[in-house]
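Could you put together the complete structure from these sequences and hints?
Line by line, the protein sequences give chains X and R. Just remember that our numbering sits 24 ahead of the position in the first sequence, which is counted from 1. Just remember that our numbering sits 102 ahead of the position in the second sequence, which is counted from 1.
Mixed in with the good hints there might be a few duds.
With the Cβ distance kept under 7 angstroms, some of the chain X side facing chain R (calculated, not the full set) [unchecked claim]:
{"hint": "1", "residue": "L88"}
{"hint": "2", "residue": "M115"}
{"hint": "3", "residue": "H125"}
Quick caveat, the hints were computed from the structure, so don't treat them as lab data. For each residue, glycine too, the CB sits at the ideal point set by N, CA and C.
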Amino acid sequence: MNAIDTAIRAAASAIMLDKVSKSYDGTTEVIPPLDAELRAGEFTVVLGPSGCGKSTLMQMIAGLERVSGGTISFGTRQVQDLEPKQRGCAMVFQNYALYPHMSVFDNIAYSLKVAGMPKPERVERVEAVAKMLGLFDLLARKPGQLSGGQRQRVAIGRAIVREPGVLLFDEPLSNLDAQLRHDMRMELAELHRRIGATTVFVTHDQVEAMTLADRILILNKGRIEQFDTPKTIYHQPASVFVAKFIGAPPMNIVPVTGNGKVLRLADGQVMAECPVFGAYQLGIRPEDILLGGGPIKANLRYREDLGSHTILAADLGGNVLRIATPFGADIGTEAHLSLTFPPARLHLFDAETGRVVPGAFSQ
Amino acid sequence: MVENARSLNFVAGTVLFLGMLYILGPLYLTLTTATQSYEFMLRNGLVWYPGDQFFSNVIRIFSETRIPQQMANSLVVAVSDAIVTCVLSFLSAYALVFFPVRWGSVVFALILATIMLPLDIRVITTYQVASNILSPINALLDITGLNSLIANVFGAPVMLEWSVLNTHFGLIAPLVAHGTGTFLFRQFFLVLPRDLVKAARMDGAGPIRFLFDILLPLSRPSFAALFVLTFLGGWTQYLWPLVASSTPNMQTAVVGLARLAPDMEGVMPDFPLIMAGAVVVSIIPLVMIAVLQRYLVRGLVLSEK
Chain X
25 MNAIDTAIRA AASAIMLDKV SKSYDGTTEV IPPLDAELRA GEFTVVLGPS GCGKSTLMQM
85 IAGLERVSGG TISFGTRQVQ DLEPKQRGCA MVFQNYALYP HMSVFDNIAY SLKVAGMPKP
145 ERVERVEAVA KMLGLFDLLA RKPGQLSGGQ RQRVAIGRAI VREPGVLLFD EPLSNLDAQL
205 RHDMRMELAE LHRRIGATTV FVTHDQVEAM TLADRILILN KGRIEQFDTP KTIYHQPASV
265 FVAKFIGAPP MNIVPVTGNG KVLRLADGQV MAECPVFGAY QLGIRPEDIL LGGGPIKANL
325 RYREDLGSHT ILAADLGGNV LRIATPFGAD IGTEAHLSLT FPPARLHLFD AETGRVVPGA
385 FSQ
Chain R
103 MVENARSLNF VAGTVLFLGM LYILGPLYLT LTTATQSYEF MLRNGLVWYP GDQFFSNVIR
163 IFSETRIPQQ MANSLVVAVS DAIVTCVLSF LSAYALVFFP VRWGSVVFAL ILATIMLPLD
223 IRVITTYQVA SNILSPINAL LDITGLNSLI ANVFGAPVML EWSVLNTHFG LIAPLVAHGT
283 GTFLFRQFFL VLPRDLVKAA RMDGAGPIRF LFDILLPLSR PSFAALFVLT FLGGWTQYLW
343 PLVASSTPNM QTAVVGLARL APDMEGVMPD FPLIMAGAVV VSIIPLVMIA VLQRYLVRGL
403 VLSEK
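This is the structure:
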């Protein structure tokens with residue numbers, strides 16, 4: 025561990041969002057008042073479909089957008105009215121946004137130069153960061169002479185050289201190819217373990233969210249759908265939106281009606297026992313469905329063999345049901361499937377609000 | 103398809119060759135004429151082969167005409183025009199692209215209007231203003247009725263007068279008011295990644311630092327291209343210098359060249375002298391293009407990333 029690591033770990037501060045809201049024209053709210061606490065040193069991924077307000081939220085934290093209401097605090101400091109440079113946060117951009125006419129060294133050193141740091145100290149800092157990121161031999165090059173992954177690393181170096189209390193990433197991996205994205209994910213996870221900066225990472229890629237995050241904040245139309253660990257989000261989604269957004273293929277959702285004893289599909293087929301009345305949505309993950317000899321009947325429509333597992337698409341009373349079977353499972357060639365939905369793996373959501381009904385299958 | 107392409111190449115080559123003849127022919131004739139003596143031309147007319155009087159003609163240009171003084175004027179006009187245009191265009195494009203300017207699109211439309219209404223069309227009104235650049239203030243005083251009030255109190259209305267005709271400033275200022283450069287820089291700024299501004303802000307750079315540290319170095323090719331184009335435009339201006347300068351000492355080289363031909367009828371102009379002058383006057387723009395031509399192309403393609 026060198027000086028930079030310790031300095032960043034020491035600077036890491038919690039982020040408190042208190043009724044933060046954003047509206048561009050004063051009437052339509054891009055982000056309605058929103059509360060969240062991002063703990064110091066934690067890696068938080070903000071996940072959501074495009075247009076959900078996640079980039080706006082990040083730019084408000086960074087200070088590139090003004091908040092329309094509410095307060096943002098880093099640690100005990102209120103920062104919502106400060107300029108980005110006064111907030112002590114740094115950002116990595118989607119398309120790197122390196123200065124094309126400056127060398128790697130000058131790119132990384134620019135913020136220190138603007139801050140008026142004396143040259144010898146600057147050189148020392150930049151070299152320490154460059155060594156940490158494996159950029160030491162590239163310091164004299166221009167960004168145009170670097171590969172995508174190297175540019176990404178320069179962008180990260182530029183961010184961490186200031187020893188920021190908060191490190192922000194705006195979809196930093198979306199410009200890379202699949203292999204490089206995987207490698208950079210590993211590097212980012214490792215980097216975070218080393219420097220322990222409070223990190224906010226915006227993405228629409230659920231794999232990045234699941235692999236990198238300590239906690240995931242799922243945004244939908246500016247509102248927080250769920251803010252929890254990846255494991256909880258996957259196994260206990262708080263809403264239909266989260267259930268459908270996470271997982272590949274996503275959770276199956278079918279509309280059901282309860283009569284106080286059982287849940288039935290529209291065509292009358294019984295799905296599960298549950299003492300509720302009225303309209304609900306029933307969810308089950310594709311890999312939780314058991315094949316063979318169960319009470320639930322469905323017609324096979326299509327199958328995709330992916331090698332490691334097979335995905336079946338079946339028709340369940342007019343709904344598409346996706347089933348993931350483990351490799352080698354004998355599913356035969358039958359068009360009629362008999363399925364079992366294990367009650368412990370079922371999720372019940374309110375038909376109107378889409379929120380989960382807790383403890384519906386706990387008996 | 104190969105035969106087809108070949109015949110197409112042949113036709114294209116022929117057209118190109120004819121076009122070159124059309125353009126280079128008069129230029130060649132300029133050169134050969136510049137090398138003959140006045141007497142030789144009077145006897146033989148314009149000829150297609152070179153003579154041996156080029157240097158004596160050039161020496162006469164420097165000793166008998168005001169072309170050297172006028173080239174200095176041209177240089178002052180062209181260089182000032184180029185520099186001031188670059189600075190103004192760069193700053194106005196910076197304001198229009200990177201700041202939320204109220205009525206920004208109206209301002210930009212007005213700037214573009216200068217491209218559609220070039221100086222040659224506005225020459226009479228521009229002359230009026232240049233002959234008294236305070237005349238708008240006079241007009242304002244007249245319209246508002248302030249002048250009749252002043253006339254009542256002091257006995258005479260205010261008539262401010264300041265003519266910039268026959269000055270370098272008067273030659274340059276109307277040329278500078280031209281929107282091409284603003285348009286060029288605006289298009290260049292628009293293709294820069296938007297995140298660059300945000301990255302600079304995150305690094306703590308304010309608008310001025312961003313301008314000098316990031317935007318200015320990136321705009322170098324655009325600057326060079328605009329500088330060359332404006333310089334050439336200023337150097338070859340004819341109409342405005344003709345009307346804005348009345349004494350030979352203030353005229354530019356291109357105007358001076360035209361004046362070398364005598365106004366009297368029946369006198370054969372000294373074409374060898376005039377052509378030698380044309381060659382001398384062309385040297386500076388030629389050198390300019392030779393030195394800066396690679397920037398010219400790079401700055402205009404707008405793909406500098």
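Interface hint for X:M115, Cβ within 7 angstroms of any Cβ on chain R: 5 angstroms, holds
Agreement of hint X:L88 with chain R interface, Cβ distance less than 7 angstroms: 5 angstroms, holds
X:H125 as chain R interface residue, shortest Cβ-Cβ below 7 angstroms: 5 angstroms, holds
The structure shown violates none of the earlier numbered hints.
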